[in-house]
Amino acid sequence: MKFEKISPFQLGFLCFAFMSGFSTLYLLEAKVIMHDVWIANVTAMLAVLLILKVFTYVQSQFPNLNFSDIIEALFGKWLGKFVLVFYLMGMIGLGVLSLRSISLFYNTAILPNTSPMLIMGLVLCVTTYAAFLGLGTISRSIVLILPFFIVAILIIGFLIYQDVEDNPLLPQFQHPFPLILYCAMISFGFPFGKAGVIAFVFSEVTVHKKLYKSCSIAIVSSCIYLLMSTYLSFGSLGDNMFKTASFPFFSSIQMVKLGEYIERIEIMIISIWTVLTLFEIIVVQYVFVKIIGRMFKLRDIKALYLPVGAIFLVVSSKSAVNSAELIAYDLSILPFSIILPSILIPLSMLCLVYFRKIRR
Numbered sequence: 001m002k003f004e005k006i007s008p009f010q011l012g013f014l015c016f017a018f019m020s021g022f023s024t025l026y027l028l029e030a031k032v033i034m035h036d037v038w039i040a041n042v043t044a045m046l047a048v049l050l051i052l053k054v055f056t057y058v059q060s061q062f063p064n065l066n067f068s069d070i071i072e073a074l075f076g077k078w079l080g081k082f083v084l085v086f087y088l089m090g091m092i093g094l095g096v097l098s099l100r101s102i103s104l105f106y107n108t109a110i111l112p113n114t115s116p117m118l119i120m121g122l123v124l125c126v127t128t129y130a131a132f133l134g135l136g137t138i139s140r141s142i143v144l145i146l147p148f149f150i151v152a153i154l155i156i157g158f159l160i161y162q163d164v165e166d167n168p169l170l171p172q173f174q175h176p177f178p179l180i181l182y183c184a185m186i187s188f189g190f191p192f193g194k195a196g197v198i199a200f201v202f203s204e205v206t207v208h209k210k211l212y213k214s215c216s217i218a219i220v221s222s223c224i225y226l227l228m229s230t231y232l233s234f235g236s237l238g239d240n241m242f243k244t245a246s247f248p249f250f251s252s253i254q255m256v257k258l259g260e261y262i263e264r265i266e267i268m269i270i271s272i273w274t275v276l277t278l279f280e281i282i283v284v285q286y287v288f289v290k291i292i293g294r295m296f297k298l299r300d301i302k303a304l305y306l307p308v309g310a311i312f313l314v315v316s317s318k319s320a321v322n323s324a325e326l327i328a329y330d331l332s333i334l335p336f337s338i339i340l341p342s343i344l345i346p347l348s349m350l351c352l353v354y355f356r357k358i359r360r
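Numbering (our numbering), first residue to last: 1 to 360.
I should point out that these hints are in silico values taken from the structure, not numbers from a laboratory. Since no wrong hints were added, every one of them can be taken at face value.
Only pairs whose alpha carbons sit at most 27 Å apart, straight line, appear in this in silico DSSO-like list of lysine-lysine:
(1) K302 with K5
(2) K5 with K81
(3) K357 with K213
(4) K213 with K5
(5) K5 with K297
(6) K53 with K209
(7) K53 with K357
(8) K210 with K357
(9) K302 with K77
(10) K243 with K31
(11) K357 with K209
(12) K77 with K297
(13) K210 with K53
(14) K77 with K53
(15) K53 with K81
(16) K302 with K81
Construct all of the structure, not just a fragment, from the sequences and the given hints.
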């Protein structure tokens, strides 16, 4: 299998789009610890930066291998395949989470009478074709589109700031350490824990020495975007309204008064969330198919994209059918299920690399 190489610059844009996704849609950890959420977000960001360092170091020890092949080389053929299957299951969960979230948002805020299956089906038609086109096309599209969205996000932030009445930074340090740590786990589970998926495209980057720099800048930028959205929502909505709003950042944008152009402001954030979530699903589908191709040593994987898209649709139709189930998954399952693929397995790989060096 031959894959088109991308530059570290393109990888950074890809990582930011993938990490951001719909990270500002629910702001669940902020609803739990309110103004102390920055501690949880920064802690999760620092944790994923450390894990990212492990991923890039392991990749540097096997510069000619894909991450799937590295896993098999370190864990052995059969245990390695089991680890890859575990990653595949996690990616299905991430894809379902993204699909259900975007369909829930559209059903709640925009298209209440539209079937969620229709929304998810249309999304998967777009993402499946985009994943089929390859990583080069995906990354070039992100580099082209993302600068416009960054400008739009800054404009939105400025407009919301005009309506900020309460100090969004106060009061601080109002919650016990165990609760803050739990919210850091929520934040690590989503969005920061997704960084492990990006490791599977490291072998397709032209300059491996810049892997960590590109991804770390993207992760820090994603954290800044998340904190900006959270604190602007606090300041414009107030604590009580923030807690009760289904989509706090979207609700804060709806309060922006800009004459007859108010709907255009709402459309701006809807387009940002939609496209970033599309890129998130595209990357997941692309990596999913790529791992399957590596596991079974397939020369041509193009025929797999459509069946994989169908699998995502079928699983999504049976999972998290309402917002309560989706939020329960985010708060109760994901913070703990992410520990194995995003912490324990990378650390195990680091130990195995160390022991291999000792033997030599």
